[in-house]
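Each chain, letter by letter, is given below.
There are 2 protein chains.
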Amino acid sequence: MPVYKAPVDDTMFVLNDVLGIQKFNNLPGFSEASPDVVEAIVAEAGKLAEEVLFPLNLSGDQEGCTRHDDGSVTPPKGFKAAYDAYCQGGWIGLSVPEAYGGQNLPYVLHTAVGEYMSSANMAFAMYPGLTNGAIAAILVHGSDAQKETYLPKMVEGVWTGTMNLTEPHCGTDLGLLRTKAVPQADGSYKISGQKIFISAGEHDMSDNIIHLVLARIEGAPEGTKGISLFIVPKFLVNEDGSLGARNGVSCGAIEHKMGIHANATCVMNHDEATGYLIGQENRGLAAMFVMMNEARLGVGLQGLSISEAAYQSAAQYARDRIQGRSLTGPKAPDKKADPIIVHPDVRRTLMQIKSINEAGRAFALYSALQSDIAHRSEDAAARQNADDILSIMTPVLKGVMTDRGFDNAVAAQQMFGGHGYIEEYGMSQYVRDARIAMIYEGANGVQAMDLVGRKLAANGGRAVMAVFKEIGDFCEENRANEKLAPFTKAIKKGLNDLQAATMWFMSNAMAKPDNAGAGATDYMHLFGLVILGYMWGRQAKAAQELLDAGDARAEFLANKLVTARYYMERMMPETAFRKARIEAGADSVMALGAAAF
Amino acid sequence: MPVYKAPVDDTMFVLNDVLGIQKFNNLPGFSEASPDVVEAIVAEAGKLAEEVLFPLNLSGDQEGCTRHDDGSVTPPKGFKAAYDAYCQGGWIGLSVPEAYGGQNLPYVLHTAVGEYMSSANMAFAMYPGLTNGAIAAILVHGSDAQKETYLPKMVEGVWTGTMNLTEPHCGTDLGLLRTKAVPQADGSYKISGQKIFISAGEHDMSDNIIHLVLARIEGAPEGTKGISLFIVPKFLVNEDGSLGARNGVSCGAIEHKMGIHANATCVMNHDEATGYLIGQENRGLAAMFVMMNEARLGVGLQGLSISEAAYQSAAQYARDRIQGRSLTGPKAPDKKADPIIVHPDVRRTLMQIKSINEAGRAFALYSALQSDIAHRSEDAAARQNADDILSIMTPVLKGVMTDRGFDNAVAAQQMFGGHGYIEEYGMSQYVRDARIAMIYEGANGVQAMDLVGRKLAANGGRAVMAVFKEIGDFCEENRANEKLAPFTKAIKKGLNDLQAATMWFMSNAMAKPDNAGAGATDYMHLFGLVILGYMWGRQAKAAQELLDAGDARAEFLANKLVTARYYMERMMPETAFRKARIEAGADSVMALGAAAF
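Chains as they are written, first to last, in the working numbering: chain V, 1 to 597; chain H, 1 to 597.
Hints in this document: simulated from the structure, not taken from any laboratory.
These numbers were taken from a predicted model, which means no experiment stands behind them.
The reader is advised that the hints may include incorrect statements.
Said to hold, decoys possible - A short, non-exhaustive set of chain V residues, derived as facing chain H with CB atoms under 7 Å:
1. Ser428
2. Gly517
3. Ala520
4. Ala584
5. Ala586
6. Val589
Each residue gets a CB set at the ideal place from its N, CA and C atoms; glycine is no exception.
Could you build the full structure based on these sequences and the hints that come with them?
Right, here's the structure in full:
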């Protein structure tokens with residue numbers, strides 16, 4: 001009963017009219033991405049998502065994955081065929097260099113497409129999603145031989161990838177990890193240890209699974225400085241690229257999870273498995289973070305994806321379900337009751353979600369564009385500026401969009417009343433699936449600490465200053481425009497709160513670091529409110545200019561202005577609240593003894 | 001792995017030191033409730049919850065209920081024995097008149113005890129909980145013969161009760177209901193129709209199930225004015241009180257729900273079932289609301305219950321799990337990492353939940369005490385004042401405590417990282433169970449509209465004025481007390497926001513009712529923030545006075561003051577945010593066409 005249609009028009013508005021990706025034609029890959037090509041790709045992705053992935057979403061949740069006694073794992077019915085269709089479409093390699101079979105198109109396009117895939121079937125999209133993370137790490141840190149051995153098959157999709165990081169006793173604090181790597185005479189290593197929560201860890205959709213595994217080489221230092229990253233293939237790869245012996249890595253169990261049932265989340269046992277060092281010894285965390293940063297953007301996008309999918313079903317239900325009468329008199333007098341969309345509280349819920357989704361889409365694509373600039377620009381200053389901005393956006397996108405995405409899924413479920421609680425309606429699945437995005441790839445509290453404890457202060461605050469400058473300039477440049485003033489004024493007010501909170505940290509967190517920790521989550525959300533506000537400012541400006549120019553999408557553009565106004569009126573006042581919480585400091589937070597809880 | 005211990009000390013502090021229930025000794029039932037008796041009862045309830053109900057919570061979720069081909073339903077293993085123990089303890093009749101086998105003790109005590117039962121096992125507690133709702137309706141609207149026939153067995157627990165209201169096409173808007181009642185020559189009715197989402201609808205723990213069913217008598221007016229309430233027993237009752245023939249009401253299916261798996265949520269088919277009118281013809285909604293109001297308080301309490309249970313497990317995990325180091329240097333230098341409770345963001349999460357739970361407990365008990373006064377006082381003015389206050393508290397407690405309770409369960413789950421997502425840890429269950437409380441007995445948007453659309457304006461605003469006066473008086477009376485000033489100042493500021501928002505509705509919602517609807521949910525939460533703040537004010541005052549008097553609970557009382565301070569600093573600033581959202585009005589909420597969503 002849930003419905004899903006890829007929001008192609010909105011994606012195209014953001015890419016073309018808000019971000020103006022055509023302006024970046026000088027970057028490699030962008031010149032191939034003409035508006036027609038982009039629209040064709042995005043529409044094709046939408047079709048795959050709607051017609052192939054979405055019909056398997058609810059059934060995949062209900063069936064789940066099955067582990068057999070021999071340790072093999074079968075995903076739900078239909079997944080293998082859908083995965084084949086996904087691979088045949090070339091979606092894994094969309095923004096991977098052509099040398100490895102990819103299309104080298106912009107990462108921003110990969111992101112636009114990725115939203116639809118996760119909306120349609122988040123558990124499915126994780127299988128190729130993990131592969132993309134592993135590809136990114138091998139691209140940056142792998143040797144030429146490793147790239148040639150693994151990447152073409154992974155880009156083709158006949159081999160998939162995973163991240164093997166977490167162990168039972170350590171997740172956030174990887175310095176505690178115990179999986180060990182023993183050097184062998186041939187330059188390889190024997191890897192032994194147990195990894196848990198390994199998404200897409202075992203399944204039969206690909207011929208081989210390339211595990212990227214964090215382990216400690218015998219004799220390496222304790223803590224994070226002794227961790228290395230290894231390639232551990234499920235099947236060893238012969239010189240000629242054919243598959244050899246089964247490696248000593250196997251699935252010991254699949255977890256019983258709250259959601260994403262269709263993704264095989266595995267306990268992976270490494271028992272003297274053959275592994276190959278990737279990058280430098282003891283520099284595994286740096287290599288892992290290439291994967292991790294890409295994964296964090298992807299997880300932030302999942303927050304948007306589920307929010308959008310849940311919203312669409314809720315909007316449909318609100319138009320169909322009749323119950324009660326409008327406060328201003330019957331709107332469907334021919335029926336026994338009005339559709340519930342007439343009720344202001346229902347509509348407020350829809351506007352709330354819509355205002356976050358449309359800004360969130362712009363936010364995700366804006367962040368992906370920074371990644372493109374940072375990786376593809378020939379201008380060193382532009383690269384640095386984009387990389388700075390991306391370093392801030394990564395934890396904010398991950399933390400804020402997954403928190404908001406979950407809240408939105410809950411709000412969408414709420415509109416179904418009791419039916420929302422019944423699994424067959426699909427809304428429970430959205431809530432259960434969205435929940436994991438707040439946890440994995442660094443729980444959102446960790447994102448907040450990354451932002452406050454690491455990103456703010458890096459290079460003397462250069463990155464955060466770059467963000468403030470961009471938003472401040474936008475407000476300043478459009479201040480005199482009367483039509484945009486309601487937006488720029490509200491954004492500027494939010495930016496002032498954000499800057500004041502930043503100053504507060506500078507003055508109060510040096511001497512007392514707990515002040516930073518106690519305010520971190522509120523600061524991350526304060527940042528998110530301002531960024532989403534800025535995204536609405538950019539959208540409102542684009543919409544207004546197009547309307548003034550007589551663009552044919554008049555209703556779509558007028559609705560943008562209304563939704564922007566909703567956001568300014570109903571969301572931006574939250575910045576002052578977040579600032580007040582931050583400025584309360586750590587005293588009352590830290591005063592109680594541990595036993596008092 | 002989850003843990004639960006009934007918070008008896010905190011309950012006793014609220015009952016004795018904050019609410020001072022001994023002051024109400026002149027009310028029937030209260031004089032029997034001496035401090036010793038109360039403490040013994042509360043402790044005994046805690047023991048039952050901890051030792052009998054809690055061990056069945058996770059297993060009950062995992063096993064769920066089973067419907068057999070003959071329509072019979074079996075609850076999870078252990079439930080029948082636990083139910084027998086619950087009945088033997090006399091818990092159903094705790095506050096029911098002695099004439100029907102109850103103990104006539106205060107409802108506030110029933111509420112204190114009820115918190116523990118739902119914390120330990122919400123799905124279990126609903127079986128007797130529904131019985132209590134049905135008892136309440138029969139007590140108020142049943143004939144003497146009906147009371148004598150049904151109440152003693154229900155109080156004993158050998159018969160249970162249900163509410164049969166919802167139909168597939170109507171939940172909130174009961175005026176649409178189609179179940180029909182055809183009068184018979186003997187004064188009974190034949191009831192036919194389908195009811196859905198019927199909690200505890202069918203099971204084998206009691207000898208009989210007394211369904212209270214809303215139906216429309218043939219020829220009755222359309223809409224809510226043609227609805228009557230009927231008693232439809234699963235087995236007809238003979239003149240001598242023994243069980244007769246099986247009635248034409250049966251369970252057609254049990255729903256596949258997100259949570260409360262151990263409660264049998266049934267589709268109930270009435271096929272010319274024999275029913276007996278309760279109360280007057282066509283006045284069924286009024287009779288139903290006796291049940292419903294009691295149920296709403298009970299559901300608000302469930303929000304607190306799950307929040308408390310989830311919190312306790314999270315606190316335990318935060319003390320045990322080691323990961324990372326404190327920002328201010330190692331706190332457990334003998335270990336490889338510190339327990340995560342040293343991290344300010346973890347502690348902020350715990351403080352956040354604690355500050356809401358302890359105020360929520362006071363709020364629930366305060367509301368229950370109003371119910372006692374409204375029903376038991378001999379002073380008409382006191383009865384009216386208490387009834388007025390309760391009329392406001394009912395939607396606020398239901399809506400706010402279930403929203404907050406769910407958020408808290410999610411926050412508690414978050415502290416477990418990936419483990420929180422694994423069913424065996426029990427945190428997913430708390431989130432899934434808590435979710436229903438926001439929906440049933442009137443979805444929270446309906447509670448908000450009840451507050452804004454009905455309760456605010458009733459009797460010229462008398463009820464809301466009574467609440468404002470009580471809180472305003474508290475601030476005024478304690479204004480000069482320097483130790484309490486930080487609390488009273490913050491509460492007063494929140495009260496000002498609440499009063500301003502109330503005024504805004506008065507000025508702006510008459511001409512444009514959508515302004516009320518668009519602000520209703522924010523208003524409900526604004527109200528909740530102030531009430532919970534007031535509860536912290538009362539607790540802080542009691543704690544300070546006891547501390548000054550050298551009470552032995554020095555640490556407990558000092559912690560109260562810290563937690564009160566946390567609430568004032570971190571929660572009260574939200575009132576201004578809620579007020580700003582309300583004052584934004586309905587324009588941007590209502591501007592889009594239905595197709596734009």
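Structure-based check of each hint:
With a cut of 7 Å, the hint placing Ser428/V at the interface with chain H holds, because the nearest CB-to-CB distance is about 4 Å. A hinted interface residue such as Gly517/V counts as satisfied when its beta carbon comes closer than 7 Å to some beta carbon of chain H; here the least separation is about 3 Å, so the hint holds. The interface hint given for Ala520/V holds, since its Cβ lies 5 Å from the closest Cβ of chain H, which is under the 7 Å cut-off. Here the hint on Ala584/V is kept, as its CB sits about 4 Å from the closest CB of chain H, short of 7 Å.
The closest approach between the C-beta of Ala586/V and any C-beta of chain H is roughly 6 Å, which is under the 7 Å cut-off, so the hint is satisfied. Checking Val589/V against chain H: minimum C-beta separation of about 5 Å stays under 7 Å; hint holds.
Of the numbered hints listed earlier, not one is contradicted by the structure.
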